[in-house]
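Now for the letters of each chain:
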Amino acid sequence: MILNVEELKFLYKNRAVLESVALEVNHGEIVAILGPNGVGKTTLLKCLNRILKPKSGHIYLDGAEVGSLDTVEIARRAGYVPQRVETGRLTAFDAVLLGRRPHIKWDVSPHDLSIVDAVFTRLSMEHLRLSYIDEMSGGELQKIAIARALVQEPRILLLDEPTSSLDLKNQVEILSTIHGIVREHGIAAVMTMHDLNQAFRYADRFIFLKNGRIHFQGDRNSVTEEVIEEVYGLPVIMGTIEGITCIMPGCPSAGMVHQEN
Amino acid sequence: MHLADGKAPADYLCYIKSKILCICAGIVLVFLLLIISISVGAVSIPPGEVVLTLLGQNVNSKWDAIIWNIRLPQALTAIVAGVGLSVAGVAMQSILRNPLGSPFTLGISNAGAFGAAISVIILGTGQMHSTIANAVTINNPYTTTIMAFIFCMIATGIILMISRIRGSSPEVMVLTGVALSSLFTAGTMFLQYFASDTQLAAVVFWTFGDVSRANWPELGLMTVLVSLSTIYFLSNRWNYNAIDAGTETAKGLGVNVERIRLVGMTIAALITAVIVAFLGVIGFVGLVCPHMVRRIIGDDQRFLIPGSCVMGGILLLASDTVARLIVAPYVLPVAVLTAFMGAPAFIYLIIRGYHR
Chain A
550 MILNVEELKF
560 LYKNRAVLES
570 VALEVNHGEI
580 VAILGPNGVG
590 KTTLLKCLNR
600 ILKPKSGHIY
610 LDGAEVGSLD
620 TVEIARRAGY
630 VPQRVETGRL
640 TAFDAVLLGR
650 RPHIKWDVSP
660 HDLSIVDAVF
670 TRLSMEHLRL
680 SYIDEMSGGE
690 LQKIAIARAL
700 VQEPRILLLD
710 EPTSSLDLKN
720 QVEILSTIHG
730 IVREHGIAAV
740 MTMHDLNQAF
750 RYADRFIFLK
760 NGRIHFQGDR
770 NSVTEEVIEE
780 VYGLPVIMGT
790 IEGITCIMPG
800 CPSAGMVHQE
810 N
Chain B
249 MHLADGKAPA
259 DYLCYIKSKI
269 LCICAGIVLV
279 FLLLIISISV
289 GAVSIPPGEV
299 VLTLLGQNVN
309 SKWDAIIWNI
319 RLPQALTAIV
329 AGVGLSVAGV
339 AMQSILRNPL
349 GSPFTLGISN
359 AGAFGAAISV
369 IILGTGQMHS
379 TIANAVTINN
389 PYTTTIMAFI
399 FCMIATGIIL
409 MISRIRGSSP
419 EVMVLTGVAL
429 SSLFTAGTMF
439 LQYFASDTQL
449 AAVVFWTFGD
459 VSRANWPELG
469 LMTVLVSLST
479 IYFLSNRWNY
489 NAIDAGTETA
499 KGLGVNVERI
509 RLVGMTIAAL
519 ITAVIVAFLG
529 VIGFVGLVCP
539 HMVRRIIGDD
549 QRFLIPGSCV
559 MGGILLLASD
569 TVARLIVAPY
579 VLPVAVLTAF
589 MGAPAFIYLI
599 IRGYHR
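Top line first, the protein sequences correspond to chains A and B. Going by this note's numbering, the final residue of the first sequence carries number 810, and the count climbs one at a time with no gaps. Going by this note's numbering, the final residue of the second sequence carries number 604, and the count climbs one at a time with no gaps.
Worth flagging that the hints you see were computed from the coordinates, not collected in a lab. All clues given are correct.
Here are the simulated lysine-lysine pairs, DSS-like style, with alpha carbons at most 30 Å apart:
(1) A:K759 x A:K604
(2) A:K604 x A:K558
(3) A:K604 x A:K562
(4) A:K602 x A:K558
(5) A:K759 x A:K562
(6) B:K267 x B:K255
(7) B:K265 x A:K654
(8) A:K654 x B:K267
(9) A:K654 x B:K255
Now the in silico label distances, taken between C-beta atoms and shown as ranges:
(10) A:E778 x B:S430: 55 to 63 Å
(11) A:P659 x B:A313: 49 to 57 Å
(12) B:C270 x A:A565: 52 to 60 Å
(13) A:V621 x B:V472: 29 to 37 Å
(14) A:V721 x B:A427: 46 to 54 Å
(15) B:R600 x A:N575: 48 to 56 Å
Predicted, not measured: the structure shown is a model, and the values here were computed from it. Quick reminder that beta carbons are idealized off the backbone N, C-alpha and C, glycines included.
Can you make the complete structure from the sequences, with help from the hints?
The structure is reproduced here in structure tokens:
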């Protein structure tokens, strides 16, 4: 087990955003945090590496209580990819090299440079090494942010909507890359997502949040149409196309457009 | 996780080397400018003799006196003040996440001017008799300097206090700075309204930043402070890079963003306060030098911080040299020239765009 959360509670201005959250993440596993907007998915993710400090509860990262680790020690264990990536006049190589910050003493070593180089090769973006990130597309920037988290050599990746600004091809590319790396290196990934279809395709387990609590968690086979309806307040149809689970909004409610024959 | 070892790519190392070369070229330029700056003036001294004198050989005792007592301290003050204002500017731009950040964003220069106004008008420490240079009689220069410094630190203290209460977010700092600027400006105007002509002139004259005001001990104090601050900012270059990549990214990388902001702001304010108190207000350098460097070698703080130091030294020293020559035999205060020199160069860099 790489991550263990017990009885997590988070308050925002005395209002409970998260309550009694408990979850476990194992090596080589991808966990998707799902739920409607504003339910606390991002808050939960940020509590995991103490970007936000929870009111109470315990989070064990690789066996150590997160609250007792110093910030650099947390950054060596958990790589965080935020929703929004800032740009600047930096080369992609320098932007990714920043991910070595938790390991750098005074200056970068040849070892740091070689790790960055290896990640560029692994994500097949060698050609972007010396491109400036302020001239890059959203998809390329997202890959840079993921590469930055990977060079931290983390044991767990925390990704906040990694595919929200990407086109279909980039979504598939990034999620399958994350999937590959998690399996290959036996690390773990926790990601918040909106796209249920992509979540079902790439994640191993699903945590549905509702009203600040975990409403349901389980694997692909245990999630039902009812669970999704309860969480999102919208009926859905689940089915499989060529062995891939697909979820679509179901029964027409107000505002649905009908095709006239 | 362990990644298969790649290798340090040659093209990247080459790219890094070009940035280092750029900064070294700047340092050489500072030395050349220093020689030129010392050699020109009412009495011109050949550059060769300047070098010999600086190396400790007594070429001519009159030149010796001019160089060691007047021109060298003035030129070195220009370099130190330029480095200090510029490095404070680059730090403020990162801390405030705002390209318009500068050492004066926090209202420190206005606070210093208010302190000087109180000293001159209420405590009666200065008057101005005619409009030629050095006609300002500051009866007690130390009182004026100390008052300016005290008010700079009051402004800093207020911002620190508010940051403690509301958190050190860029918005809080910028808005507080704007409020303080207006407050101190209003205070200065109030005092000026009741001042006599000569006092009014002395206050206005004090605000024209001038690097010839500092003597050796003051220069020594500024040098120590600016050196220590620059070392602090350089040692935090990765943290500033992380903050530039976004607050959340920085926190994810283990950076204590609030503390870095608070300490960085305090140090930048301290440098500014000391420079303003000794020399008066020298605008533009802190805002523009970092941007000039950004356009030449990019936003990477590893090179931006030393680059800005060098550029600050170049701009202020060049401005001061020109200020001493342009309307000779009159000597302009350097503050008048920094914008004259810097603005065209800056506009050129904006039009040219980034260097590839």
